[in-house]
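Trainee: Sequences listed follow chains A and B, in order.
The numbers in the working numbering rise by one with no breaks, and the one at position 308 of the first sequence is 308.
The numbers in the working numbering rise by one with no breaks, and the one at position 247 of the second sequence is 247.
For the record, the hints were derived by calculation from the structure and aren't laboratory data.
Treat the hints with caution; some may be incorrect.
One copy or any two copies: either way a pair holds, since identical chains are not told apart in the list.
Here are the simulated lysine-lysine pairs, DSSO-like style, with alpha carbons at most 30 Å apart [to be verified]:
1) Lys346 / Lys191
2) Lys7 / Lys217
3) Lys7 / Lys384
4) Lys346 / Lys7
5) Lys186 / Lys247
6) Lys226 / Lys4
7) Lys346 / Lys226
8) Lys247 / Lys346
9) Lys247 / Lys384
10) Lys346 / Lys384
11) Lys46 / Lys384
12) Lys7 / Lys226
13) Lys7 / Lys46
14) Lys46 / Lys186
15) Lys384 / Lys217
These are the residues of each chain, in order.
There are 2 protein chains.
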Amino acid sequence: MTTKEIKELIPTRRLLLGPGPSVVHPRVLRALSTPLVGHLDPEFLKILDEVQHLLRRLFQTDNRFTIAISGTGSAAMEATIVNLVEPGDSVVVGVNGVFGTRLAQMVERCGGTAVRVEVPWGEVISPDLIEGALNRVGSVKAVALVHAETSTGAFLPLEDIGTLCQQYGALLIVDAVTSLGGLPVKVDEWKIDACYSATQKCLSCPPGLAPLTLSEKAVNTLTRRKTPCQSWYLDCSLVADYWAEDKRTYHHTAPISMVYALRESLRLIFEEGLEARYARHTLNRDALLAGLQELGFSLFSRVGHHLPSLICVNLPPLFDDRSIRSILLHEFNIEVGGGLGPLAGKVWRIGLMGESSRFEHVMTLLAALDQICAGLTHSHPQGKALAAANTVYTLSRTSL
Amino acid sequence: MTTKEIKELIPTRRLLLGPGPSVVHPRVLRALSTPLVGHLDPEFLKILDEVQHLLRRLFQTDNRFTIAISGTGSAAMEATIVNLVEPGDSVVVGVNGVFGTRLAQMVERCGGTAVRVEVPWGEVISPDLIEGALNRVGSVKAVALVHAETSTGAFLPLEDIGTLCQQYGALLIVDAVTSLGGLPVKVDEWKIDACYSATQKCLSCPPGLAPLTLSEKAVNTLTRRKTPCQSWYLDCSLVADYWAEDKRTYHHTAPISMVYALRESLRLIFEEGLEARYARHTLNRDALLAGLQELGFSLFSRVGHHLPSLICVNLPPLFDDRSIRSILLHEFNIEVGGGLGPLAGKVWRIGLMGESSRFEHVMTLLAALDQICAGLTHSHPQGKALAAANTVYTLSRTSL
Numbered sequence: 001m002t003t004k005e006i007k008e009l010i011p012t013r014r015l016l017l018g019p020g021p022s023v024v025h026p027r028v029l030r031a032l033s034t035p036l037v038g039h040l041d042p043e044f045l046k047i048l049d050e051v052q053h054l055l056r057r058l059f060q061t062d063n064r065f066t067i068a069i070s071g072t073g074s075a076a077m078e079a080t081i082v083n084l085v086e087p088g089d090s091v092v093v094g095v096n097g098v099f100g101t102r103l104a105q106m107v108e109r110c111g112g113t114a115v116r117v118e119v120p121w122g123e124v125i126s127p128d129l130i131e132g133a134l135n136r137v138g139s140v141k142a143v144a145l146v147h148a149e150t151s152t153g154a155f156l157p158l159e160d161i162g163t164l165c166q167q168y169g170a171l172l173i174v175d176a177v178t179s180l181g182g183l184p185v186k187v188d189e190w191k192i193d194a195c196y197s198a199t200q201k202c203l204s205c206p207p208g209l210a211p212l213t214l215s216e217k218a219v220n221t222l223t224r225r226k227t228p229c230q231s232w233y234l235d236c237s238l239v240a241d242y243w244a245e246d247k248r249t250y251h252h253t254a255p256i257s258m259v260y261a262l263r264e265s266l267r268l269i270f271e272e273g274l275e276a277r278y279a280r281h282t283l284n285r286d287a288l289l290a291g292l293q294e295l296g297f298s299l300f301s302r303v304g305h306h307l308p309s310l311i312c313v314n315l316p317p318l319f320d321d322r323s324i325r326s327i328l329l330h331e332f333n334i335e336v337g338g339g340l341g342p343l344a345g346k347v348w349r350i351g352l353m354g355e356s357s358r359f360e361h362v363m364t365l366l367a368a369l370d371q372i373c374a375g376l377t378h379s380h381p382q383g384k385a386l387a388a389a390n391t392v393y394t395l396s397r398t399s400l
Numbered sequence: 001m002t003t004k005e006i007k008e009l010i011p012t013r014r015l016l017l018g019p020g021p022s023v024v025h026p027r028v029l030r031a032l033s034t035p036l037v038g039h040l041d042p043e044f045l046k047i048l049d050e051v052q053h054l055l056r057r058l059f060q061t062d063n064r065f066t067i068a069i070s071g072t073g074s075a076a077m078e079a080t081i082v083n084l085v086e087p088g089d090s091v092v093v094g095v096n097g098v099f100g101t102r103l104a105q106m107v108e109r110c111g112g113t114a115v116r117v118e119v120p121w122g123e124v125i126s127p128d129l130i131e132g133a134l135n136r137v138g139s140v141k142a143v144a145l146v147h148a149e150t151s152t153g154a155f156l157p158l159e160d161i162g163t164l165c166q167q168y169g170a171l172l173i174v175d176a177v178t179s180l181g182g183l184p185v186k187v188d189e190w191k192i193d194a195c196y197s198a199t200q201k202c203l204s205c206p207p208g209l210a211p212l213t214l215s216e217k218a219v220n221t222l223t224r225r226k227t228p229c230q231s232w233y234l235d236c237s238l239v240a241d242y243w244a245e246d247k248r249t250y251h252h253t254a255p256i257s258m259v260y261a262l263r264e265s266l267r268l269i270f271e272e273g274l275e276a277r278y279a280r281h282t283l284n285r286d287a288l289l290a291g292l293q294e295l296g297f298s299l300f301s302r303v304g305h306h307l308p309s310l311i312c313v314n315l316p317p318l319f320d321d322r323s324i325r326s327i328l329l330h331e332f333n334i335e336v337g338g339g340l341g342p343l344a345g346k347v348w349r350i351g352l353m354g355e356s357s358r359f360e361h362v363m364t365l366l367a368a369l370d371q372i373c374a375g376l377t378h379s380h381p382q383g384k385a386l387a388a389a390n391t392v393y394t395l396s397r398t399s400l
């Protein structure tokens with residue numbers, strides 16, 4: 001390769017229906033291309049205020065500490081753990097997929113003890129199981145749970161966990177990477193102490209920032225640490241001084257263009273309205289599921305716990321994972337996700353997040369799969385999947 | 001504030017002549033607004049290859065491990081330290097400004113011992129001082145130095161340090177945040193083992209990514225660690241598996257839009273050519289300095305060690321830092337940087353980095369300051385600063 005061979009950037013246009021990044025709205029792309037002001041410019045500090053305001057609304061919280069970490073979702077996961085967990089602390093971690101596993105690893109990397117509450121992937125961790133661990137361990141610093149498991153498409157009901165944690169004096173840490181903006185995340189009502197997400201999922205913003213909110217109790221925990229936070233870059237006590245309206249102390253240079261994009265994606269969310277947005281995600285999931293089942297896919301996650309934002313399905317018997325995803329990508333320009341870890345080759349993860357969750361995208365994907373199925377078997381009943389999905393949409397119109 | 005009050009994003013257009021972010025070229029802004037492909041899409045993986053190729057050329061290295069960290073320059077500083085330093089290791093750190101101080105703090109946060117070699121801010125750390133520390137301490141894991149101190153505008157010659165480090169079996173870590181792309185950074189020739197930078201300085205790309213290159217010796221050091229890297233997000237052994245052509249193992253979602261922007265900013269650099277780019281930075285610095293001296297500014301850093309990319313100057317007696325920077329920002333839409341730490345209120349840091357380093361920007365800033373000076377004293381010799389700068393340009397044209 002020579003430098004001259006590296007030409008103008010003209011990537012193929014893809015329909016992003018994987019587990020993130022999701023489709024980015026043209027208005028967000030336009031915001032990205034806005035010329036920059038400095039990270040300490042009064043105009044940019046006002047933009048930070050606005051982003052904080054919108055993030056608080058989205059997290060449904062009054063938490064003063066509500067910011068965007070300068071990194072991806074995994075950076076916010078790490079920020080949460082390294083700030084709240086000190087060497088020797090025990091953390092109960094719910095593990096039913098890749099991201100619970102990652103949480104436990106991060107607890108261990110900062111010298112904590114991860115008490116894993118494991119259930120099979122795709123299953124739901126009950127409050128009883130968590131209470132059992134809390135009883136068994138004795139002194140627990142925090143309970144860390146994944147609200148929406150991106151590896152299995154299952155969500156975990158959180159309504160009762162916060163009160164349980166308070167009874168045991170433990171902080172509640174929630175990974176909302178694949179839920180925030182696609183289904184309700186009620187930080188204050190559910191008594192969550194630390195909740196983080198990522199921009200490239202249901203917020204439909206490019207990857208590179210990670211919203212994070214901390215309760216007063218969590219902030220007190222980090223300001224009263226016995227040992228300094230092992231990370232300087234992710235030290236929330238330092239980062240907070242930049243985001244605080246009355247301080248604005250320079251810490252690191254904020255990713256200005258990404259903040260512009262996040263602001264615009266949040267504006268789009270509130271123009272639509274949270275309830276309408278959640279309903280849209282649910283409707284499109286239901287329509288896609290109806291179609292996929294006609295094509296021979298079956299659901300991986302437990303009934304009643306399918307995410308509206310990410311559908312994890314077992315492949316039909318005749319489907320070869322790699323070759324059919326390759327056809328989808330190269331012939332139809334559609335990206336869907338494969339399985340992670342033990343689910344590789346067995347499931348697909350289809351994201352209907354933010355701008356990806358649209359009627360036309362559901363029908364496009366089903367039409368492509370319908371053509372592929374017709375090529376696999378002569379007996380394929382063409383059009384049935386499309387009809388099943390469209391029936392869901394028709395019913396939703398008549399029920400208005 | 002209500003969500004409806006948060007209107008379309010239309011920031012004022014600023015001329016960014018602070019210590020970063022620098023002016024971003026319209027082609028880079030356009031690249032940012034390119035619709036996204038997935039982070040595991042074959043087209044994106046090819047883009048990563050291209051970015052690696054261009055970064056190697058820019059760092060002047062053959063290092064296989066040459067990537068962009070998903071964070072700002074401080075994230076790359078932290079990545080370098082937490083991967084190469086284990087608890088109990090001693091690291092000799094050159095401290096002559098804010099960023100050397102930060103390096104030492106990071107060494108300490110990961111359980112290492114920082115042996116500070118301190119000289120007054122703006123002064124140069126001699127090889128003798130470093131050798132003295134190497135002799136004193138005995139077993140030293142690494143020597144960490146800041147090539148271009150963003151807080152003082154001084155650069156450190158590195159030609160002789162690499163051989164010295166090799167003699168003592170220490171790795172050489174170099175912070176090239178404010179030098180890469182503005183003055184030569186010769187990783188292989190100077191025997192540097194770890195070198196990192198940031199996108200928002202001389203690369204003229206928005207903040208959010210941080211180039212990092214590691215020598216084979218540094219890679220061996222991290223693969224042979226006795227303890228796991230304390231950070232999961234910045235663990236280079238995991239990150240490397242995503243960037244490696246033959247692996248591409250998912251670690252975290254790369255900041256796709258920012259990678260697009262970095263690719264375009266690197267393309268612009270090689271269209272101009274490295275030598276031409278370095279010469280441009282030097283010429284514009286010389287012209288600005290000639291003008292600033294006529295206005296009563298004096299240089300902070302030592303003669304012969306002024307950075308071509310960032311000029312740190314003491315303010316003239318009549319200049320009030322805050323009020324005059326405020327006039328520059330609000331009346332002229334020009335941003336320059338104030339002093340950090342003990343230099344606050346005393347110096348300005350004027351960045352001429354990448355797209356900010358242009359003839360027209362130098363003349364614009366000097367013209368604005370000339371008007372301000374005329375308002376401060378009746379005896380101000382209007383036009384002299386502009387003439388001095390323009391003479392530098394004229395001489396450079398006749399010497400062609």
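Trainee: Determine for every hint whether it applies to the structure shown.
Mentor: Cross-check of the supplied hints:
1. With identical chains, the CA atoms of Lys346 and Lys191 are never at most 30 Å apart, being 36 Å at best within one copy and 48 Å at best between copies.
2. In this homomeric assembly, Lys7 and Lys217 never come within 30 Å of each other (Cα to Cα): the closest approach is 52 Å inside a single copy and 33 Å across copies.
3. In the homo-oligomer, the alpha carbons of Lys7 and Lys384 never lie at most 30 Å apart, since the shortest distance is 44 Å inside one protomer and 45 Å across protomers.
4. For the identical chains of this complex, Lys346 and Lys7 are neighbours neither inside a copy (38 Å) nor across copies (46 Å), given an alpha-carbon limit of 30 Å.
5. Taking the shortest Cα distances, Lys186 and Lys247 sit within 30 Å of each other inside one copy (28 Å), while across copies they are farther apart (39 Å).
6. Taking the shortest Cα distances, Lys226 and Lys4 never come within 30 Å of each other, neither inside one copy (54 Å) nor across copies (43 Å).
7. Taking the shortest Cα distances, Lys346 and Lys226 never come within 30 Å of each other, neither inside one copy (46 Å) nor across copies (36 Å).
8. With identical chains, the CA atoms of Lys247 and Lys346 are at most 30 Å apart between copies only, with a shortest distance of 21 Å across copies and 51 Å within one.
9. Taking the closest pair of Cα atoms, Lys247 and Lys384 never come within 30 Å of each other, the shortest separation being 60 Å inside a single copy and 40 Å across copies.
10. When the C-alpha separation of Lys346 and Lys384 is checked against a cutoff of 30 Å, the pair qualifies only within one copy, where the shortest distance is 24 Å, while the shortest distance between copies is 75 Å.
11. For the identical chains of this complex, Lys46 and Lys384 are neighbours neither inside a copy (52 Å) nor across copies (38 Å), given an alpha-carbon limit of 30 Å.
12. For the homomeric pair Lys7 and Lys226, neither the shortest alpha-carbon distance inside one copy (53 Å) nor that between copies (43 Å) is at most 30 Å.
13. Taking CA atoms no more than 30 Å apart as the test, Lys7 paired with Lys46 passes between copies only; the shortest distance there is 12 Å, against 38 Å inside one copy.
14. In this homomeric assembly, Lys46 and Lys186 come within 30 Å of each other (Cα to Cα) only inside a single copy, at 26 Å, whereas the closest approach across copies is 40 Å.
15. In this assembly of identical chains, Lys384 and Lys217 lie within 30 Å of each other by CA distance neither inside one copy nor across copies; the values are 53 Å within and 60 Å between.
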